[in-house]
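Colleague: Take a look at the letters that make up each chain.
There are 2 protein chains.
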Amino acid sequence: MNAQASDQAKARVNRILNSDAFRQAAATLAAEHDRTVEDIITLTEIPAPPFKEAERAAKWFAMAQAHGLTDMTIDAEGNVTGLRRGAGNGKLICVAAHLDTVFPEGTDVTVRRDGTKLLAPGIGDDTRSLAVLLAWLRALDAAAIQTRADILFVADVGEEGAGDLRGMRYLFTQGRYKDRITAFLTIDSPEMEQIVTGGVGSKRYRVTFHGPGGHSFGAFGVVNPMFAMADAIARLGRIKVPTTPKTTFSASVTGGGTSINAIPNAVWTEFDLRSESAAYLDNLEQDFFALLAEATAAENAARSVVNGKITYTVTPIGNRPAGQTDQTQDVVQSARAAIEAHGYRVHYDYSSTDANIPMSLGIPAIRIGSGGRGGRAHSLDEWIDVEPRESIRGMTAGLAAVLAVADMI
Amino acid sequence: MNAQASDQAKARVNRILNSDAFRQAAATLAAEHDRTVEDIITLTEIPAPPFKEAERAAKWFAMAQAHGLTDMTIDAEGNVTGLRRGAGNGKLICVAAHLDTVFPEGTDVTVRRDGTKLLAPGIGDDTRSLAVLLAWLRALDAAAIQTRADILFVADVGEEGAGDLRGMRYLFTQGRYKDRITAFLTIDSPEMEQIVTGGVGSKRYRVTFHGPGGHSFGAFGVVNPMFAMADAIARLGRIKVPTTPKTTFSASVTGGGTSINAIPNAVWTEFDLRSESAAYLDNLEQDFFALLAEATAAENAARSVVNGKITYTVTPIGNRPAGQTDQTQDVVQSARAAIEAHGYRVHYDYSSTDANIPMSLGIPAIRIGSGGRGGRAHSLDEWIDVEPRESIRGMTAGLAAVLAVADMI
Numbered sequence: 001m002n003a004q005a006s007d008q009a010k011a012r013v014n015r016i017l018n019s020d021a022f023r024q025a026a027a028t029l030a031a032e033h034d035r036t037v038e039d040i041i042t043l044t045e046i047p048a049p050p051f052k053e054a055e056r057a058a059k060w061f062a063m064a065q066a067h068g069l070t071d072m073t074i075d076a077e078g079n080v081t082g083l084r085r086g087a088g089n090g091k092l093i094c095v096a097a098h099l100d101t102v103f104p105e106g107t108d109v110t111v112r113r114d115g116t117k118l119l120a121p122g123i124g125d126d127t128r129s130l131a132v133l134l135a136w137l138r139a140l141d142a143a144a145i146q147t148r149a150d151i152l153f154v155a156d157v158g159e160e161g162a163g164d165l166r167g168m169r170y171l172f173t174q175g176r177y178k179d180r181i182t183a184f185l186t187i188d189s190p191e192m193e194q195i196v197t198g199g200v201g202s203k204r205y206r207v208t209f210h211g212p213g214g215h216s217f218g219a220f221g222v223v224n225p226m227f228a229m230a231d232a233i234a235r236l237g238r239i240k241v242p243t244t245p246k247t248t249f250s251a252s253v254t255g256g257g258t259s260i261n262a263i264p265n266a267v268w269t270e271f272d273l274r275s276e277s278a279a280y281l282d283n284l285e286q287d288f289f290a291l292l293a294e295a296t297a298a299e300n301a302a303r304s305v306v307n308g309k310i311t312y313t314v315t316p317i318g319n320r321p322a323g324q325t326d327q328t329q330d331v332v333q334s335a336r337a338a339i340e341a342h343g344y345r346v347h348y349d350y351s352s353t354d355a356n357i358p359m360s361l362g363i364p365a366i367r368i369g370s371g372g373r374g375g376r377a378h379s380l381d382e383w384i385d386v387e388p389r390e391s392i393r394g395m396t397a398g399l400a401a402v403l404a405v406a407d408m409i
Numbered sequence: 410m411n412a413q414a415s416d417q418a419k420a421r422v423n424r425i426l427n428s429d430a431f432r433q434a435a436a437t438l439a440a441e442h443d444r445t446v447e448d449i450i451t452l453t454e455i456p457a458p459p460f461k462e463a464e465r466a467a468k469w470f471a472m473a474q475a476h477g478l479t480d481m482t483i484d485a486e487g488n489v490t491g492l493r494r495g496a497g498n499g500k501l502i503c504v505a506a507h508l509d510t511v512f513p514e515g516t517d518v519t520v521r522r523d524g525t526k527l528l529a530p531g532i533g534d535d536t537r538s539l540a541v542l543l544a545w546l547r548a549l550d551a552a553a554i555q556t557r558a559d560i561l562f563v564a565d566v567g568e569e570g571a572g573d574l575r576g577m578r579y580l581f582t583q584g585r586y587k588d589r590i591t592a593f594l595t596i597d598s599p600e601m602e603q604i605v606t607g608g609v610g611s612k613r614y615r616v617t618f619h620g621p622g623g624h625s626f627g628a629f630g631v632v633n634p635m636f637a638m639a640d641a642i643a644r645l646g647r648i649k650v651p652t653t654p655k656t657t658f659s660a661s662v663t664g665g666g667t668s669i670n671a672i673p674n675a676v677w678t679e680f681d682l683r684s685e686s687a688a689y690l691d692n693l694e695q696d697f698f699a700l701l702a703e704a705t706a707a708e709n710a711a712r713s714v715v716n717g718k719i720t721y722t723v724t725p726i727g728n729r730p731a732g733q734t735d736q737t738q739d740v741v742q743s744a745r746a747a748i749e750a751h752g753y754r755v756h757y758d759y760s761s762t763d764a765n766i767p768m769s770l771g772i773p774a775i776r777i778g779s780g781g782r783g784g785r786a787h788s789l790d791e792w793i794d795v796e797p798r799e800s801i802r803g804m805t806a807g808l809a810a811v812l813a814v815a816d817m818i
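Residue numbers (the numbering used here), protein chains in the order written: chain A, 1 to 409; chain B, 410 to 818.
Any given hint could turn out to be false.
Unchecked claim - Quick list of in silico lysine-lysine cross-link-like pairs, BS3-like style, CA-CA up to 27 Å:
{"hint": "1", "chain 1": "A", "residue 1": "Lys10", "chain 2": "A", "residue 2": "Lys91"}
{"hint": "2", "chain 1": "B", "residue 1": "Lys526", "chain 2": "B", "residue 2": "Lys419"}
{"hint": "3", "chain 1": "A", "residue 1": "Lys309", "chain 2": "B", "residue 2": "Lys468"}
{"hint": "4", "chain 1": "A", "residue 1": "Lys117", "chain 2": "A", "residue 2": "Lys59"}
{"hint": "5", "chain 1": "A", "residue 1": "Lys52", "chain 2": "A", "residue 2": "Lys178"}
{"hint": "6", "chain 1": "B", "residue 1": "Lys649", "chain 2": "B", "residue 2": "Lys461"}
{"hint": "7", "chain 1": "B", "residue 1": "Lys587", "chain 2": "B", "residue 2": "Lys500"}
{"hint": "8", "chain 1": "B", "residue 1": "Lys649", "chain 2": "A", "residue 2": "Lys309"}
{"hint": "9", "chain 1": "A", "residue 1": "Lys240", "chain 2": "B", "residue 2": "Lys718"}
{"hint": "10", "chain 1": "B", "residue 1": "Lys468", "chain 2": "B", "residue 2": "Lys526"}
{"hint": "11", "chain 1": "A", "residue 1": "Lys59", "chain 2": "A", "residue 2": "Lys178"}
{"hint": "12", "chain 1": "B", "residue 1": "Lys587", "chain 2": "A", "residue 2": "Lys246"}
Unchecked claim - Sample of chain A residues facing chain B (criterion: CB under 8 Å; computed from the structure):
{"hint": "13", "residue": "Met63"}
{"hint": "14", "residue": "Ser250"}
{"hint": "15", "residue": "Gly255"}
{"hint": "16", "residue": "Ile263"}
{"hint": "17", "residue": "Asp272"}
{"hint": "18", "residue": "Arg274"}
{"hint": "19", "residue": "Ser304"}
{"hint": "20", "residue": "Val306"}
{"hint": "21", "residue": "Tyr312"}
{"hint": "22", "residue": "Thr313"}
{"hint": "23", "residue": "Pro316"}
{"hint": "24", "residue": "Asn319"}
Said to hold, decoys possible - What follows is a set of in silico ranges between Cβ atoms, one per label pair, in the way DEER data are often shown:
{"hint": "25", "chain 1": "A", "residue 1": "Thr258", "chain 2": "B", "residue 2": "Asp480", "range": "41 to 47 Å"}
{"hint": "26", "chain 1": "B", "residue 1": "Thr724", "chain 2": "A", "residue 2": "Gly308", "range": "29 to 35 Å"}
{"hint": "27", "chain 1": "B", "residue 1": "His787", "chain 2": "A", "residue 2": "Pro242", "range": "49 to 55 Å"}
Hints listed in this document are in silico derivations from the structure and should not be mistaken for laboratory results.
Glycine included, each C-beta is placed from N, C-alpha and C at the ideal position.
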C-alpha cells in the first residue's frame, strides 16, 4: 500500500519548488508565521460546537474576504466558500478545512500557552487548518502565483460526530459547485506523514426494544425487552468480519429500565458499524438488521406475549459513506511528492473525514495535514506546537501539494 | 392452600368477639373514626422517604406515648417501639406498621379529598396502618382490655425498596427484644382478604462489566464489556425456574458507555432474583454467579485481551430473605378466624413484607390489612376510602386478630 510517488508527480513538484514564485510564497509563510499563530488563536477562541458553527463561519468569511477570495458565500448548510480563480482550464479543485469541533456549548476554549505549545479544545482538529488556509491565500497573493485550475476554498460545517458530514454532503450534492469539483483535499489536523486515501464508512443506529413491562415477580414469564436486546448484542458479537477491508462493529452505549422491581418497558443500545468498503458495510448492515429481527422473534417465542410482544425501532444516528481514492490518482501522487520533498515519510491510511463524501461519489479526494505537531484531539487537553521551523515546514509542504494539484503556472 | 381456620381458633375468636370488653373496644373504634382519619392525614403529610423517616417517627413516637405505651424508644436503626404490657405469660408478640414510603424527597404529600376517598402518596401503604395502631391503643385502653402476652407496637423503618427491611433486620437481630418475639403481625396496606403467610425472598445485584475500552474502529477486536454483559443476560434468560415454589429473575435496568465512537470501559445492569423458597433462591443465585463468570470468560476468549481483560464487579443492592409461616400456626389460624368472623373471604398469599425477616428466622409471622379500601399503591394517585362502615369493619377485625394472638384475658 506504500507506492512511491510517480516520477511524473516528482517532476511536477520539483518544478514548483524550484520556481521563484513558490520560493517567495514559502518566504511569506515563514515571515507571517506569527500572524498565522494569531489567527489560530482568534479562531480557536470562537466556539464552534456541532450545528453551532455560525459565529466562527462569519469570522472566517470576513478574514478570507479580506484576502481577496471572490464569489464568497455562506451556503444554505453553513459552509463558507470562496474562489481563487485560475487561468481557466475548466477544472476546479476544492481545498477544505472544517469549522466545527467535537466540544459542546459552554466548553472553555481559551487558548493556554506553554512555550511554543498552545492548548485548547479544537485547536488542532481542525482550527489550525482554517488559519493555514488564510496563510496560503496571503502567500499566493504575495507571490502572485497563478494556477490553471480554479481553487475553491471551503470552511465547512458538520465534520464531527452528529454533524455526519452534512457540510460536505451539501457541497457535493446540492451546492453551486456540486458537479464541477475534480479533486478534493481536506486539511485536517496537524500530522503531515499520513495521507488519507480511504474513507471509512459508518452506519450508526440507536435501537430501542419495547415490551409490555410489568412487575418483576408478579408478571414474571412475560417477554422482557432486555433479553431481546442482549440476544441481539450477543449475535452481533458472533459475526465474522474481514480484516481487509477492515470492517468493525461496536455496541457502544446502552440504557433503559426504570426500577429493579420492574420488567422494563423499553431499553436501547447505540451501535456503530464501519468498513473501509461500502459493499462490506452494506453486508454488515444487512446482517445487523437480520439479527435484530431474529433476536426479537426468539424472545417472543421464549416467553409469554399475553400482555404484548417485543417490538423494536431503529433510528439512524449516523451515516458516513465509505470510499477510496486510488493511489495512482494525480491528487494522491502530487500530495505525496510534495510532502516527501519536504522530508516527511508518508504513509497511506483509512479514516473518516470530509473526504469520505467525494470518495463515495468517485471524485479523487484525500486528507493531508496542516503542519506542526499536536495531540490529544477530542480531549480538553488538545494541543498543537507552533514551533516555527516544524510548523512552517508542514504549511509549505501542504501549499506545494495544493499547487501541484491545481497545476501552478 | 386455603385451609379453614381451626375450630380451636374459631372458638377463641368467638369468645373475644362476644366479650363486653371487646364490644366496648369496637365501639370506641367506631366512635373515634374521625380522629383516626385525622391521624392518617397528619401522618401522611409528614414525608417519609426511604432512609428519611425520622420526622414521621418522632411524630408517631409522641402520639403513641400519649396513648400510654411504656418503654418507648427509637432504636439505633430508627424504629419506634413501645410496649403494652400483658398479664405476664412470658410471651411477647409484635405488631408493626412501616413508616417509610417509596416516594423520594420533594414529593407532594398533601392529602386530597374526594368524598370519602383520600388521595396522597403513601396514604395506604402504609400510613393508614400507623394511625390504626394508635386507634387500637385507644380502644384497648377505653375497654381496659388485658392480654396475657406483652404486645410490642412498632412503627418501623426501611420496608420499601432500598430500605431492604433494615428496620426489621435490626429489630430481630440486634434490638432489645430480638430473642423474645414469639409471633409477628405486620399491618401493611388496607386489604383485609389477603393474609400473607409466605415471604418472597429477593436478591438484587448491580453487575458492572469493565474492559479496556478503545476507539470503536481503531481498537476493534479487543474485548467489549457490552458483549460479556449481553451474553450474561442472554444466559439468565435461558435458565429454567419452577413455577412452584414461584422463582423469578429479571434484568431490569441497564446503562453505560460514553460515545458511539468508543468501545465502552464499563456497562452495568441491575438484576432482580426472587423466590418463594430460600433454597430455590440460593440455587438461582449460584446459577447467576456462575453465568457471570462464564459470560466474562467467553468474551475474554472470543476477542483480544492485549489491552486488558473483561472483569466484573457484583454489588448487592437488595437482600430479602424468603420464608414461610405454616398455615397451622396459631398466628395464622387466629388471624384467619378473626377476619373471617367479620365477613371477609380470606386467602393466603406470598409477598415481600416486613414479615420476611421473622419468617426467615422461623418466627411465626404474617401480614394482615389495616381495613378500608384502597389502590394505586406506589403511584402518585395512591388512594384509600375511609367510608366509615368498611373502614371500621376492617380495623375491628384486625384488632380481634391481634387479641386472639395476644391471648386476651
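Colleague: Hint by hint, say whether it matches the structure.
Modeller: Against the structure, the hints come out as follows:
no., hint, result
1, Lys10(A) <-> Lys91(A), "21 Å, holds"
2, Lys526(B) <-> Lys419(B), "33 Å, violated"
3, Lys309(A) <-> Lys468(B), "48 Å, violated"
4, Lys117(A) <-> Lys59(A), "24 Å, holds"
5, Lys52(A) <-> Lys178(A), "24 Å, holds"
6, Lys649(B) <-> Lys461(B), "39 Å, violated"
7, Lys587(B) <-> Lys500(B), "13 Å, holds"
8, Lys649(B) <-> Lys309(A), "21 Å, holds"
9, Lys240(A) <-> Lys718(B), "21 Å, holds"
10, Lys468(B) <-> Lys526(B), "24 Å, holds"
11, Lys59(A) <-> Lys178(A), "24 Å, holds"
12, Lys587(B) <-> Lys246(A), "66 Å, violated"
13, Met63, "31 Å, violated"
14, Ser250, "4 Å, holds"
15, Gly255, "5 Å, holds"
16, Ile263, "5 Å, holds"
17, Asp272, "5 Å, holds"
18, Arg274, "5 Å, holds"
19, Ser304, "12 Å, violated"
20, Val306, "15 Å, violated"
21, Tyr312, "15 Å, violated"
22, Thr313, "17 Å, violated"
23, Pro316, "12 Å, violated"
24, Asn319, "12 Å, violated"
25, Thr258(A) <-> Asp480(B): 41 to 47 Å, "42 Å, holds"
26, Thr724(B) <-> Gly308(A): 29 to 35 Å, "32 Å, holds"
27, His787(B) <-> Pro242(A): 49 to 55 Å, "52 Å, holds"
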